[in-house]
Amino acid sequence: NAGVTQTPKFRVLKTGQSMTLLCAQDMNHEYMYWYRQDPGMGLRLIHYSVGEGTTAKGEVPDGYNVSRLKKQNFLLGLESAAPSQTSVYFCASSTGQQNNQPQHFGDGTRLSIL
Amino acid sequence: DAKTTQPNSMESNEEEPVHLPCNHSTISGTDYIHWYRQLPSQGPEYVIHGLTSNVNNRMASLAIAEDRKSSTLILHRATLRDAAVYYCILRDLSNQAGTALIFGKGTTLSVSS
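Chains S and V, in that order, give the protein sequences. The numbering of the first sequence is the numbering used here, which starts it at 40 and goes up by one. The numbering of the second sequence is the numbering used here, which starts it at 459 and goes up by one.
There's no promise every hint is true.
[Unchecked claim] Here chain V is said to cover these stretches of chain S; the calculated rule only asks that three of the stretch's residues, wherever they fall, bring their Cβ under 8 Å from a Cβ of chain V: (1) 49 to 56; (2) 141 to 153.
[Claimed, not checked] Taking lysine-lysine and the DSBU-like style, the derived pairs with C-alpha atoms no more than 30 Å apart in a straight line are: (3) S:Lys-48 to S:Lys-109; (4) V:Lys-527 to V:Lys-563; (5) S:Lys-53 to S:Lys-96; (6) V:Lys-563 to S:Lys-96; (7) S:Lys-109 to V:Lys-563; (8) V:Lys-563 to S:Lys-48; (9) V:Lys-461 to V:Lys-527; (10) S:Lys-96 to S:Lys-48; (11) S:Lys-48 to S:Lys-110.
Calculated from the structure, these hints are not laboratory results. Note that this is a predicted model, so its numbers are computed, not measured. Note that beta-carbon positions come from the ideal geometry of N, C-alpha and C, so glycine has one too.
Okay, chain V solo, but in the shape it has when bound (with noise of 0.2 Å):
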């Protein structure tokens, strides 16, 4: 899987937009763009997956670029419980299924009230 690039941290204020960016300058056409988060003391969590068009779920926005070198995670209004460290992992369709997610070291979100 190609590498990714990310802030190692972020602050927002409660209620605000944030806006978690990352690089992937060497993605593949196959290449699928994850994002999963992690808060203190928990197991990592799914947020959101795209290939080229923007995606919305529940939870939040990916806005990928139109040449797929970067993406975008959008959290529409932060609240405390989203300061976690949010992590933007890269899976190549064609790679055989059962293979590990490789975490960077992800952008730390603080979010202040």
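Isolated chain S, as found in the complex (with noise of 0.2 Å):
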């Protein structure tokens, strides 16, 4: 099984400039996340989503955008990147039956802004 799948795994990118990372998984997952986790510190939630067409704000959600057009793909969007966005980016997912339902990650993006 593949689980979550984030591409890319790697990029580097100049100050203002946009991309987007996507994040897939295949269990039929209700809800998925967006977080970032910089040296040091735990998993900070950007953006999340309960279900096809929603998005929600998480704890730091400023400078990105979140998309959830397919109920399997969530997209996270830097639209002008900043320096301060250097982080690795994880995606999960889980069942929306309860909250006590575990979350299942991808691997990661590592993300660079020069």
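Build the complex: two chains, separate frames, hints provided.
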């Protein structure tokens, strides 16, 4: 099983450039999440989605946009990249039945903004 | 979600059991105890979760104190692949679904051959 797949795995951008990170899951999960992890810190939630066509803000949403046009995909966009957005980005998914359900993570996208 | 306290680091030898402790003295009745781990250069991986009774799965066992103020993740035979950061996280079942997992600093487990 592929689980949660993130594309790309690595990327280097210049300040002001834009890009989109793709997350795909094959587990038919309702909920999907985007986190960022900075050195020495825990994961912080950027945006999440409770189903196709819906998105919501997390703890650190500024500078990012998301879309969930298909149930299996969750896209994270950076419209104008800034050095402060240098981080490792993780996507996760879970079933929507209860808040108790485990989240399944991808292997991350390592993004550097110069 | 209530807070948890874990030791910063622990060491183990290969093929020995490992007991990773977690204190959660302010746990509420609707909090589930979850454990995740993060191997180097990988995303977090779900390990196990429980409410009141001890739980076993193919990866580990979870022992929960009778008063639920502490728990212990048990790896029965550590392997080199088990070297990771282990996170103990409380999840309030009464919260709206879609809330973030709150990762603390966790316990860094080192395994020697």
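Hint by hint, here is what the structure shows:
1. With a cut-off of 8 Å between beta carbons, the stretch 49 to 56 of chain S has 0 residues touching chain V; three or more are needed, and the interface restraint is violated.
2. Against chain V, the stretch 141 to 153 of chain S contributes 7 residues with a C-beta closer than 8 Å to a partner C-beta. That satisfies the three-residue criterion, and the hint holds.
3. About 21 Å separates the Cα atoms of Lys-48 of chain S and Lys-109 of chain S, which keeps this hinted pair within 30 Å; it holds.
4. The straight-line distance between the Cα atoms of Lys-527 of chain V and Lys-563 of chain V is roughly 19 Å, inside the 30 Å bound, and the hint therefore holds.
5. Proximity of Lys-53 of chain S to Lys-96 of chain S is assessed by CA-CA distance (about 25 Å); at most 30 Å being required, the pair is judged to hold.
6. Of the supplied pair hints, the one linking Lys-563 of chain V and Lys-96 of chain S holds, its CA atoms being roughly 24 Å apart against a limit of 30 Å.
7. A distance of roughly 34 Å separates the Cα atoms of Lys-109 of chain S and Lys-563 of chain V; the hinted pair therefore is violated under the 30 Å criterion.
8. Proposed proximity of Lys-563 of chain V and Lys-48 of chain S is supported: the alpha carbons are some 24 Å apart, at most 30 Å.
9. Note on Lys-461 of chain V and Lys-527 of chain V: the hinted pairing holds, with a Cα-Cα distance of about 11 Å set against a maximum of 30 Å.
10. For the suggested pair Lys-96 of chain S and Lys-48 of chain S, the alpha carbons sit about 24 Å apart, so the restraint of at most 30 Å is met.
11. Proposed proximity of Lys-48 of chain S and Lys-110 of chain S is supported: the alpha carbons are some 22 Å apart, at most 30 Å.
In the structure shown, a violation is registered for the earlier hints numbered 1 and 7, in ascending order.
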